[in-house]
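Novice: Take the sequences, apply the hints, and build the full model.
Protein chains in written order, with this note's numbering: chain X, 48 to 304; chain C, 48 to 304.
Treat the hints as calculated values from the structure; they're not laboratory data. Each hint should be verified, as a subset may be incorrect.
The list cannot tell twin chains apart, which means a pair is met if one copy fits it or any two copies do.
Claimed, not checked - Within a straight-line C-alpha distance of at most 27 Å, the following computed DSS-like cross-link-like pairs (lysine-lysine) qualify:
1) LYS261 x LYS71
2) LYS102 x LYS194
3) LYS197 x LYS138
4) LYS197 x LYS97
5) LYS194 x LYS267
There are 2 protein chains.
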Amino acid sequence: MLDYAAFPKQRQLLLTERLQIDGKLVCSELAEEFGVSEHTIRRDIIELSKLGICKKVYGGAIVVSPAQGSLAERASKIEHEKRLIAQAAIKLISPGSTIFLDSGTTNLAIVHSLPSEIDITLITNSIPIANEALRLPNIELILLGGKVTKSVGGALNADAQNELSKMFIDMCFIGICAFSPEHGITGFNYDDACFKRALVKQSGQLIAAVSHEKYETIAKHKVVGLEGISDLILCKEKLSRKQLGELNISGLAVHLV
Amino acid sequence: MLDYAAFPKQRQLLLTERLQIDGKLVCSELAEEFGVSEHTIRRDIIELSKLGICKKVYGGAIVVSPAQGSLAERASKIEHEKRLIAQAAIKLISPGSTIFLDSGTTNLAIVHSLPSEIDITLITNSIPIANEALRLPNIELILLGGKVTKSVGGALNADAQNELSKMFIDMCFIGICAFSPEHGITGFNYDDACFKRALVKQSGQLIAAVSHEKYETIAKHKVVGLEGISDLILCKEKLSRKQLGELNISGLAVHLV
DNA sequence: ATACATTATGCTCGATTATGCAGCTTTCCC
DNA sequence: GGGAAAGCTGCATAATCGAGCATAATGTAT
Chain X
48 MLDYAAFPKQ
58 RQLLLTERLQ
68 IDGKLVCSEL
78 AEEFGVSEHT
88 IRRDIIELSK
98 LGICKKVYGG
108 AIVVSPAQGS
118 LAERASKIEH
128 EKRLIAQAAI
138 KLISPGSTIF
148 LDSGTTNLAI
158 VHSLPSEIDI
168 TLITNSIPIA
178 NEALRLPNIE
188 LILLGGKVTK
198 SVGGALNADA
208 QNELSKMFID
218 MCFIGICAFS
228 PEHGITGFNY
238 DDACFKRALV
248 KQSGQLIAAV
258 SHEKYETIAK
268 HKVVGLEGIS
278 DLILCKEKLS
288 RKQLGELNIS
298 GLAVHLV
Chain C
48 MLDYAAFPKQ
58 RQLLLTERLQ
68 IDGKLVCSEL
78 AEEFGVSEHT
88 IRRDIIELSK
98 LGICKKVYGG
108 AIVVSPAQGS
118 LAERASKIEH
128 EKRLIAQAAI
138 KLISPGSTIF
148 LDSGTTNLAI
158 VHSLPSEIDI
168 TLITNSIPIA
178 NEALRLPNIE
188 LILLGGKVTK
198 SVGGALNADA
208 QNELSKMFID
218 MCFIGICAFS
228 PEHGITGFNY
238 DDACFKRALV
248 KQSGQLIAAV
258 SHEKYETIAK
268 HKVVGLEGIS
278 DLILCKEKLS
288 RKQLGELNIS
298 GLAVHLV
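Specialist: This is the structure in C-alpha cells:
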C-alpha cells in the first residue's frame, strides 16, 4: 500500500491525475500498484464516473469527452500541443535522475504534467516552475537564487550562474525562444542567452522541446547549435517532409508527437 | 502525552504542520502519538476542516486541493483578517527601502495586497511569494536559492543563509508559526527556526504580523523574544484587555486592526 | 464563596464506510 | 461458439464515525 494513498479520496485524486496524464485507467495495473483489490479500484472508478470525471469501460476507464477538463486547455490548440510535448518529454525522464527545467511555458507544462509520485532531483531558476513543483512530494527541489529578471521569471545573474557551475545535470530541458535547423537555439535576451549557455555546459543530455510557433525562427543571441542538442521534441503534423530531412543528423534523436 | 502538545491549539497547529508535510492525517496514528483518544484527534480535525485547512475523510483528513483551498480561503474569515493585517503592514513600508518577506500565508497576503506601482527592493526565500511578486513591475526582486524545504515552500539551507548574510535588510516581515507574549516567536521546523534567526540578525526593523489563531501558542524552536520585535500587528477584537497589558513593552509598537 | 457556564476529554453504542471474497453474469477476442 | 478476463451482486468483517452523556478543570458571575 502506498503511504500517500492511505484514504479512498487520495487514491481517487491520484486516479484523476493519472487519467489526465495517461488518458486512461486500467483496473488490474492500478490494483497492484496501490495494493488493493481490483474491486476497490473499480469502486473508485464508479465514484469518479458519477462525478463525470471519467467514463467507465471494460477493463478500466477513459477520459470523458474532450469538452471537459481545463477550460483554457481546450480553448487553444497551442495548449494542447504543449501538453502532448510535455507528455513526450516526461517519458524521457528516468527515476532518480537530476533534471534541470529552464524557464518557459513549455517547461511549465512539463512540470504541470509530472506524476505526483515521481522521484527525481529537480533544479530550476524559474519561479513559476518551482511554485508548481512544490506539489510533488518525492522530488528534491533546488532553486537557483539571485536577482530576478521579471520578463523571464527567474534569476539569471552571476550568483545564479555561479551556483549552477557547481551542479552536474543529467538532463536539461532548455527553454526555447527561437529555433531553426540551421542556427539551433537562439534567445531574445542577452542575460538569458548567457545563462542558457552556462546551463548547456553543465548538462549531459540536452533536450529541446519546440512548439510549432518557435520553429524556423531566429533571435539575436546564439545559445547552442543543433549539434549540441541530444533530443528534439516536435509536433508531427506541423512539419513538412523537407523540414524533417534537415533534422537527420547523427547524435540527434527526434521525437514526434 | 507530549508536553509541546498540552493544549488543543498547540495540537492543532502541529496537525496543520503535519498535514503540510505528509499531505494527510491518520486519526489512529496521531491518537497514539499524542497520547489522546482518537475521538479527540477527530474533534481537532473537525476544527481544522471548519477553517478550510483540511478535508475530513474516513479515517483522518487530507489536504484540500489548491483549487478548492483558494476558494474556501477567500470566503473564510481567516482571509479577511489576513487582508486587514496585510493592509496595516503595507502602511509601514517606505518607498525605496529593502524589505524581506519570509514564508507564510500572512506574508503571501501582504505581497498580494502590495500596490502595483510600489518601488522597493524585495528579498524573499519563499517561492509562492516570489511568484506573486513577479506581477510588480517596479520592484527589484531578489530570491534566495538553495535546496527547497517543501513544507515551507522555500530554501532554508546553508546556501540560502550564506546569501542572506551578505544582505542588509531595512524591514523584515517574519513568518510566524507560533507567538506568545512570554516566549515571543517560536517555530515548528528546526531548519526554519535557524533560518529565521539568521534573518533577524540581518534586519533593522523586525515586524511580526500575528493572526489570531497563532496567538498564545508555542512551538518547539525559539526564534526571537518579544524584545527583538519592533512592530507587532494584531487583530483587535480577538484580544482581552489583560492580553494587551502583557504587550506594553518599551520599544515595541503594537498596531491593532 | 458558591453556583453556574465553558472547555477539553473520554466512553459507549448503534450507524456508516471501506474493503475483500464468493459465485454468477457479461463482455471480449479468437 | 467457447474460453478467458472482467464485472456485478450480495454478504461478511473490521474499522471508523457521530450523538449523547459523564467527568474534571477552569473561568465567570452573583
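Novice: Which of the numbered hints are not met once you compare them with the structure shown?
Specialist: Of the numbered hints given earlier, the structure breaks just one, which is hint 2.
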